[in-house]
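**Student:** The chain contents come next:
4 protein chains.
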Amino acid sequence: MKSVKQLDVKPGMSVKELVEEMSKSGVFGAGRIAQALQILKDMKDDKSCVKFFGLAGAMVPGGMKNIIIDMLKNGYIDVLVTTGANLTHDLIEALGFEHYQGTSQVDDKELHKKGIDRIYETFMPNKVYVELEKFFNEHFKELKDENNIKEFLWKIGSMLKKESILKTCYDKKIPIFCPGIADSGIGLMMWGHLAKGEKVELRALEDLKEMMDIAWTAKKTGVIYIGGGVPKNYIQQAMQLTKGASYGIQITMDRPEPGGSSGAELREGISWGKLNEKAKHVNVICDATIALPLIYAAVK
Amino acid sequence: MKSVKQLDVKPGMSVKELVEEMSKSGVFGAGRIAQALQILKDMKDDKSCVKFFGLAGAMVPGGMKNIIIDMLKNGYIDVLVTTGANLTHDLIEALGFEHYQGTSQVDDKELHKKGIDRIYETFMPNKVYVELEKFFNEHFKELKDENNIKEFLWKIGSMLKKESILKTCYDKKIPIFCPGIADSGIGLMMWGHLAKGEKVELRALEDLKEMMDIAWTAKKTGVIYIGGGVPKNYIQQAMQLTKGASYGIQITMDRPEPGGSSGAELREGISWGKLNEKAKHVNVICDATIALPLIYAAVK
Amino acid sequence: MKSVKQLDVKPGMSVKELVEEMSKSGVFGAGRIAQALQILKDMKDDKSCVKFFGLAGAMVPGGMKNIIIDMLKNGYIDVLVTTGANLTHDLIEALGFEHYQGTSQVDDKELHKKGIDRIYETFMPNKVYVELEKFFNEHFKELKDENNIKEFLWKIGSMLKKESILKTCYDKKIPIFCPGIADSGIGLMMWGHLAKGEKVELRALEDLKEMMDIAWTAKKTGVIYIGGGVPKNYIQQAMQLTKGASYGIQITMDRPEPGGSSGAELREGISWGKLNEKAKHVNVICDATIALPLIYAAVK
Amino acid sequence: MKSVKQLDVKPGMSVKELVEEMSKSGVFGAGRIAQALQILKDMKDDKSCVKFFGLAGAMVPGGMKNIIIDMLKNGYIDVLVTTGANLTHDLIEALGFEHYQGTSQVDDKELHKKGIDRIYETFMPNKVYVELEKFFNEHFKELKDENNIKEFLWKIGSMLKKESILKTCYDKKIPIFCPGIADSGIGLMMWGHLAKGEKVELRALEDLKEMMDIAWTAKKTGVIYIGGGVPKNYIQQAMQLTKGASYGIQITMDRPEPGGSSGAELREGISWGKLNEKAKHVNVICDATIALPLIYAAVK
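Residue numbers (the working numbering), protein chains in the order written: chain A, 1 to 300; chain B, 301 to 600; chain C, 601 to 900; chain D, 901 to 1200.
If you're looking for bench data, these hints aren't it; they were derived computationally from the structure. Glycine included, C-beta positions come from ideal geometry on N, C-alpha and C. Careful: at least some of the hints might be erroneous.
[To be verified] One side of the interface only, derived from the structure: several residues of chain B facing chain D at Cβ under 10 Å:
no.	residue
1	Arg332
2	Glu557
3	Pro558
4	Gly559
5	Ile585
For reference, chain A alone in the conformation it holds in the complex (with noise of 0.2 Å):
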């Protein structure tokens, strides 16, 4: 057995040195970090593994969109998976639009009045949603007759020029899927259009011929999930087709006790074939603003 060694920190210490420390000691948090660590580099390492990435939760405006960008941009990430909320967002400081440091403790019905919109202690002003309309108005044509969701938010991400997940995904011809799109500020505003008469193509299901594709071709398959929700579970249920995932890293704050997919540790997945049972895995219990950027950055 190894020892705990006790952690040491030393000024002007290095993410990746700290994140070395934090291997030493080993257990609880610190150690969790470090597993992830080394997952995440023996994935990258091993050229035979499709890394799939789930991301859900308020990660834009919650500051991580580089990181994500920087790991598509890397090879950290060979598919995408993530929400329309996380998309909207990304489209949404494309287009110009900045997200606001607030707070909690705040009377919501000010907000309300001021046309600010919460996201816990995110603010975001209301008007970014006019912006919005404008750009799906002025490019509804070539978007209408999309039927497939990835080919869609290509589109979209080809038409961008600012740095965004969506741009790189299109540039780097990364498959990013998302198939609750129509729960998303970029639905509402493809709605906007149905509302008023024409027809939108986009099917509900014809991207899961090319996830499952992917899964079913690839040799190796690693999972990284950030957050759960439908991210991970669609991710999870294309690992059905593999011979289980080889390596799985998690990070995320719900819990596994209610039973819900979300908070589900990996492990459970090796008695549905969705994670070998020789995986590298580990789940990392931490708000991913801190755990994400704390591995990666000890990573690149």
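With the hints as your guide, set chains B, C and D onto chain A.
**Tutor:** Just chains B, C and D, lined up with the frame of chain A:
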């Protein structure tokens, strides 16, 4: 100020009496259960209120199916939004299968060998998928041309003989939305046919028309969220077309601090206009398999 | 394997019937409530079992006092270990004060100006401390020479006329341990006299003799933990003198992953010999103000 | 309003630079880590501020000992309040033992047979208690007449040769309070002698004099809480003798909603006068083994 009356329990007391006692203590979890009961009653009694019910989490494997069916039949739910997973498990039971009382203290490798899928401490034989596949093979032709997810789900409901959520929604003509249908066993079964080159018409955004129309034309609205995820968020975005929901109940174990929609306190919705600033609303921080039966048994 | 029976609720059903239904679903929170009920019954019926009850958290401000008193009177608790805070709030109510139903959505500065102390959403007038001080001034002479914390608390109990935890423990001669007595309003009031140069005999370790003796001589033991902290841990360490507790119930919202004793699952105690390897035991992940009344109303 | 700058990570970046990036995103967990760093700096730079540090949870088995020692040596802690458990594990390591990296996915019955005690995923050989007993046998005479817990702990510290929290507090004459000393291995070892009829003078309330005196005479105060329990609450009650702490940092995974002190947000203390209404304060919702090294490595 009302005092915190120390709660009394009596032999043979009814659930109604227990929650009445909880309303007298009035604070913490107990107080919130009591508030939720009151709001549920008010919502029901308000004839102008359209009640949206968002259902996430493993609620069918968790034994909550009959309560949902009962609520659908008795006017507590006018619109149901749920996950593909819950509908898949509902369908599995409608096809004659059951879930089993297992344990999380188990070797998942052993389960895998035995063909048992684990959902925290619920077990399900993996062979249900064979029967599920058979069902979709038999009915594929009737389902493939449906372009609306709600209609698609109603159609499945119309084919079922056993009591189920799907059948009840069909029988009672209660709209049932499932934007993330691709992310489920049902989605997978349809994909099986897609993969063979068949066509499936299901549109991703089509249902938004009806969902938004219901929200837009409702005099007043109420929301009930069991867990978060897409079901909650999809209802929340529809609420923006209203004057904000007048009633709100949320039962979840997710935390607000990491910023995600699932754990967000309802009052946050006031800033967005999703919740009316005069709304009666409560966040119950509790495992839904405890809180929902407790509240519903007290109102019934 | 027992199947997960979908739970049914009926009009006017009793709490006992509801928890019976929960035992039929048998999983997640509902299943654990039902298991806790069964273990509580078994523990009560086992005449050779000495029942240790650890009470942490703001349970008196949370409305749980009468249930604790009822459990003390009806043989569910043979040994009570609790925090100084719960005893102080118990004493405050015994002196004629009440706690109030407040809210956490409040400006604490305003509360401070009004002399209101907040315990999440329970309010308490700060002036209770004046009366508390008066009580300890009047009785200081009777209390100062007590060298045993249990005897000291019993003596306080003997001075009270109103129903309370302290009075009940005294009346029923139920040992009440509070190792962290210095950390409480009661401790503060005694310190007021210490600060004036008076002497207080209270020993820090004296009670360990009786506590350990009870554990050592018990044929069998059972443990019930509401929250964690010192009450849980103090009982846990006593269990090491036994063959391990034969029954265990824990109700907490704390998580196991960060490693602290409060969130630790009971089974961990098997490794230490604190829990017998054949013990019936359950961890209920729930706000105790919901779970405790539910379980106790079902057993009563 | 400051914008949420999307956080950037760079190869080889220092921890300081990472937390600086977190301060630019400014929200959710990352933002709170950055706020905690700033408050820690401010507290340290404020020469009139007496810094109280409350340490709960399994922090020595979790690898945090050296950071605590480093903080004690470098002026980040003027008063330490902790649990008996942390001091026992500190003493165990000072006597030459180690803790080990284990796993929670284990059969506790097997561990019990092997004589291994489990603390979530940290393992400890049970035989440490033999050595612990020997230590207290050897030194009992020097310890039995001490009537003050702090002096008692300092005396133990004076006997140690290996670096430890106890030795450092003694060497640096940093007051160390442990009101719940009876609830620990150290308490147990002393009880062993009590049980044989020997006398131990340790008083339960004696230390309150010094604790309260430090709080009372401090020009300004700051509080840092790792976890909750007695350490937090004991400091909180002392703060009532001050104008309220001017600085506050809390790192915990406990939730506020169930009402207990451990999960209570710091701002609640304003109502009590425990926190100054102008105090800089932050609640970091994070596993302390992640947050503490991150913050401390950034300040060092």
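**Student:** So, for every hint listed, does it hold in this structure?
**Tutor:** Cross-check of the supplied hints:
Interface hint status for Arg332/B: upheld, as the beta-carbon distance to the closest one in chain D is roughly 8 Å, under 10 Å. Among the interface hints, the one on Glu557/B holds; its C-beta lies about 4 Å from the nearest C-beta in chain D, closer than the 10 Å criterion. Interface restraint check: Pro558/B against chain D, minimum CB-CB distance 6 Å, threshold 10 Å, status holds. At its closest, the beta carbon of Gly559/B sits 5 Å from a beta carbon of chain D; the interface hint therefore holds under the 10 Å criterion.
Given the 10 Å rule on beta carbons, the hint for Ile585/B holds: about 5 Å separates it from the nearest Cβ of chain D.
Checked against the numbered hints above, the structure violates none of them.
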